[in-house]
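> Letter by letter, the chains look like this.
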Amino acid sequence: MTTSNLIYEIGERPLLPEGTKLNDITETVARVTETKAPRGWWLLFIPSLFLVGVLFASIGYLVTEGVGVWGNNAPAYWAWDITNFVWWIGIGHAGTLISAILYLFRQKWRTSINRFAEAMTIFAVMCAGLYPALHTGRPWFDYYLFPIPNQMLMWPNFKSPLMWDVFAVSTYFIISLLFWFVGLIPDFATLRDRSKTPIRRLAYGFFALGWRGSHRHWQHYERAYLILAGISTPLVLSVHSVVSFDFATSVLPGWHTTIFPPYFVAGAVFSGFALVMTLLLICRAVFQMHSIVTLKHLDFMSKFMLATACMVGYAYAMEFFIAWYSGNDYELFAFLNRATGPYWWAYWSMITCNVLVPQIFWFRKMRSNIPVMFVATIFINIGMWFERFVIIVTSLHRDYLPSSWGMFTPTPVDISLYLGTFGLFMTLFLLFIRWIPMIAIAEVKAALPDAHPHHSGGEHEHGALIAAPVPAE
Amino acid sequence: MSSDDEKNTAKGEGNLDGESVNDLSTVSSSSEAGPERADQADHQEAQPSAFDSAENMVRDDDASTESVQRRPSLCRPALWLAEYESPEALMHAAESVRDAGYEKWDCHTPYPVHGMDEAMGLRPTKIGVISFLASMLGVGSAVLMMYWMNAVDYPIIVGGKEPGALPSMGPIVFELGILFTGLATVFGLFHICRLPRHHHPVFYSDRFASASDDRFFISIEAADKQFDVVKTRSLLEGTRPSFVELVEEEVL
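Going line by line, the protein sequences match chains A and B.
In terms of this note's numbering, the first sequence has 330 at position 330, counting the first letter as 1, and numbering is strictly consecutive.
In terms of this note's numbering, the second sequence has 1016 at position 16, counting the first letter as 1, and numbering is strictly consecutive.
To be clear, the hints were calculated from the coordinates, so they are not data collected in a lab.
Don't take every hint at face value.
Chain B stretches covered by chain A per the calculated footprint, using a threshold of three residues with CB under 8 Å from any CB of chain A [to be verified]:
#1 1111-1121
#2 1150-1161
With beta-carbon atoms standing in for the labels, derived distance ranges [what the hints assert, rightly or not]:
#3 Ser1141(B) with Asn157(A): 12 to 20 Å
#4 Ile1157(B) with Thr352(A): 23 to 31 Å
#5 Ser170(A) with Leu1137(B): 13 to 21 Å
#6 Glu1250(B) with Pro149(A): 47 to 55 Å
Just so it is clear, CB atoms sit at the ideal spot from N, CA and C, and this is done for glycine as well.
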């Protein structure tokens, strides 16, 4: 039980402060849902709710008037809507990465942030899904996207990458939701058992499914969780790859690239980590979670952002190199146009925010400076939005025929819809941190140094002494 | 928390002290009169007094008002519940219960404790079989669906490809395989664990709430073949629990 018994890998230290007890974790996390919301919560919630109103007003106007109220027009038929779709869905990827891939690699530090990141995934995918649904123009016919019999007696064209996208995104949403819920069951049980009021007991009890911490259940539960992590890992890699197929399978210069799938996945993880960090830094301060989300966790996340920033930077460079190396004039023009054409500011914002800013994370001082990290994550999110804007709009606005070149300008509805999805995301997120344990209580407990009996001979003998088995006759 | 602790030690010590030896003898005499087996519970309306007395003996250091309040007329033992302070204590206790040959018993922990599978003598989980079968079902149905829709029922020729071309099916085959696996794993888990189940007898114990916080429990169900109010109790008491409790359920 003492720390001297513990075997750490070289350089490894306990993730949580020494002497953290199981009950401390329950208290710290459950307290948030049991006490009154701090003022900071209301200060964020009310504007978010207002933005949800803006979202519904924009959708109402859009559906009544048609997609012509957006700035999309020849030749940029895809613009902010698809930019925002890709941006939001990319945000979600960090959640699955943290919860699934880091789980498979037994990275215990993930336990302090995974719940949070998974919730973000789900809400981000909800925001993302709105855009293609509305972009169809007549959203009441969106069921044509699914293979269900319809009045035209036609089936979807499964050779279209857009169909692949429908399946990838909806599978991603369902699996993320299941993964999240399975992780939540033991924590809902904790909240149920702490409930002081019948309403809380009923509500949390309903979702806890009568979980009683039974080890016979834990055994299957852990394996199920491992399987879900195992299938989510290729899933998360596939989702953004499929999103990138929307572009890569076309013949448009600037889109028709084989580097797209890994490049999109790295970018998605990059932006997702940045948003997780932004929100985590706020929640950590507002809800006093410093003992569970430590500087060490933030340090790991900063390193992840640095690594993915370098991958994204490599992809930017490689795109340019291949454009020149391919000897294809249209391809080369598309890239020169990105960097020096009318949208040069978008391109260079992207490079600055995504490649240059994250380089500060090479320095340990910067990885432990919270204001710096906060500002850097905001920059990264802006940069990643510009990346999608650059890919989509600069490729479309000047393609093969100069006679069909044009410019894209967003309209107020473009802007209000984008702000509205922020409202939706933040509202759902704030409701989540208010009512659902935002840190995986059971998983953090299992990551404590004393959480598991140690299998050493001496320990065992000692245990046998104190627990002399009584023969059952 | 502190008042809870006091209560805990008071009750726990009481149960583990020598004074409980007397109770044991009383209980054993009464339990000889009527063996407490769940499968015989249906016939037991004739002798509820035996159970009542057993319960009173166990709790004789309690305030009697509490037990009267909580217990309606007809109750039978549902399980023995032992509480432990640490995962080590739980694991050693689990080994004792396993070695004593019990089958319908369980450990309750706030998080999955590693090494408990061996300590409880559990066989490896088979949930992976469900997931695997479901993944194959997902892959198979995706291929059949796309082939039938795009090549048989309404052939669509796109990009000069054959209507039933396999390569373009790749992404959807993959996604549906994942979707089926995920759904089957989660619902398979619920099925194996028989969840949702909101009415398990362990919840009748007031102390059990801490099983989801910082305490570790062993429950031995009355449905077990070896269950005996007295012997099971002495087995559990030999494992140095911090508290032992007989949980009863109503017989309707």
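> Would you list, in rising numerical order, the hints stated earlier that this structure does not obey?
4
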